[in-house]
Amino acid sequence: MEWMKIGQAALLIMFIVVLIPAVRWWSKNSPKAEKGDWNAALLPLVGVVLFIALLIYIVRG
Amino acid sequence: MQSERDYMRRSGNVQALSAEAIQQSALSTNKVLRNTYLLLSMTLLFSAVTAGISMALALPPMTYLISVGVAMVAGIFVLPRVANSAAGIGVIFLITGALGLGLGPLLNIYLALPKGPEIVGTAMGGTGLIFLSLSAYALTSKRNFSFMGGFLFAGFMVVLIAALANIFLALPALSLAVSAGIILLMSGFILFDTSRIINGGETNYIMATYGLYLTIFNIFINLLSLLGIMGDD
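Here the protein sequences line up with chains X and P, keeping their order.
The working numbering applies: residue 1 is where the first sequence begins, and numbers increase by one.
The working numbering applies: residue 62 is where the second sequence begins, and numbers increase by one.
Since the hints were made in silico from the structure, they are not lab data.
Do not rely on the hints blindly, as some may be mistaken.
Claimed, not checked - Calculated lysine to any residue pairs in the SDA-like style (CA-CA distance at most 20 Å, straight line):
id : chain 1 : residue 1 : chain 2 : residue 2
1  : X       : 35        : P       : 236
2  : X       : 35        : P       : 89
3  : P       : 203       : P       : 87
4  : X       : 32        : P       : 146
5  : P       : 92        : P       : 127
6  : X       : 5         : P       : 221
7  : P       : 203       : P       : 89
8  : X       : 28        : P       : 263
Said to hold, decoys possible - Which stretches of chain X does chain P cover? Using the computed rule of at least three CB atoms under 8 Å from a CB of chain P, they are:
id : segment
9  : 5-16
10 : 19-27
11 : 42-48
In this text, a Cβ means the ideal position worked out from N, Cα and C, and glycines have one as well.
Let's have the full structure, built from the sequences with the hints guiding it.
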């Protein structure tokens, strides 16, 4: 099972390294949010959180 | 008088050309959207088939790691190079087929748990509902969610580092936090990716499909994990 952990870690490290340029680019070049944009984005995400809480409640019985 | 008529004819031509350009742009965007969702449904079906084969063959858990590795390498190094050709279709099916194959052993493990079928079914339905409702929201909202890019990518980096640490720390609380974080980030990515397709930020339907497929895959895997941990008394 140690090999599984090493394999998982290797994949994650590779992915993190590949992601770094994208993180830099989007941090510098993201368009600015307009008024109300963040509220419009957070509202459905709050809905997702509540929905997942409901799913957990259903599974726990 | 002649110059006024010329001016009005030229203005009219410019307006007609602008209207035509806008119409062309809208048609092009609708085409990318349509092709993306068509390819997405086909790749999801294909994934389901390979997952079924993998479950029936009772492949070992190591299959998941190998499949994800193959899919990651193909997705990062091969797909961007062939996305503008017919070969891109073959590569996207290879990637999604590999991920489906890797899913099989994972599903067998969860199905063997108490309440296993309920957990898998709930995770599947929950993933579908999350994806459909967020996509519908992004499509019908007048907002451009591209502004979330910096936040989402930075957040994803933080979660990946936490996941890397947890491979060796093996803390259940951290595992829960990572799963919850990934589900929220992927939900944000659904809004972000869909918005980019609508607003012309992504014009290649193969790359668009790849992005959306990965968000669905990650939500499903992590919802399974979350429900598996939280569903256990």
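> Do at least three Cβ atoms from the segment 42-48 of chain X come closer than 8 Å to Cβ atoms of chain P?
Replying inline: It holds: at least three residues are needed, and the segment 42-48 of chain X offers 4 whose Cβ sits within less than 8 Å of chain P.
> Does residue 28 of chain X pair with residue 263 of chain P here, judged by a C-alpha cut-off of 20 Å?
Replying inline: Since the Cα atoms of residue 28 of chain X and residue 263 of chain P sit roughly 18 Å apart, the hinted pair holds (cutoff 20 Å).
> Within a Cα-Cα threshold of 20 Å, do residue 35 of chain X and residue 89 of chain P meet the stated pairing?
Replying inline: violated (29 Å)
> Given the proposed pairing of residue 92 of chain P with residue 127 of chain P, does the C-alpha separation stay at or below 20 Å?
Replying inline: Not OK: residue 92 of chain P and residue 127 of chain P at ~35 Å, beyond 20 Å, violated.
>> Need the status of pair residue 203 of chain P, residue 87 of chain P: alpha-carbon distance at most 20 Å?
In response: holds (14 Å)
>> For residue 32 of chain X and residue 146 of chain P, compute the direct alpha-carbon distance and say whether it is at most 20 Å.
In response: Answer violated: residue 32 of chain X to residue 146 of chain P is near 34 Å, above 20 Å.
>> Run the distance test for residue 203 of chain P versus residue 89 of chain P: straight-line Cα separation, threshold 20 Å.
In response: Roughly 18 Å between the alpha carbons, so the hint for residue 203 of chain P and residue 89 of chain P holds.
> Given as covered by chain P, does the segment 5-16 of chain X meet the bar of three residues or more with CB within less than 8 Å?
Replying inline: holds (count 10)
> Taking a Cβ-Cβ distance under 8 Å as contact, does the segment 19-27 of chain X have three or more residues in contact with chain P?
Replying inline: holds (count 6)
> Taking 20 Å as the top limit, are the C-alpha atoms of residue 35 of chain X and residue 236 of chain P close enough?
Replying inline: violated (35 Å)
> Is the Cα-Cα distance between residue 5 of chain X and residue 221 of chain P 20 Å or less?
Replying inline: holds (15 Å)
The structure shown violates the earlier hints numbered 1, 2, 4 and 5.
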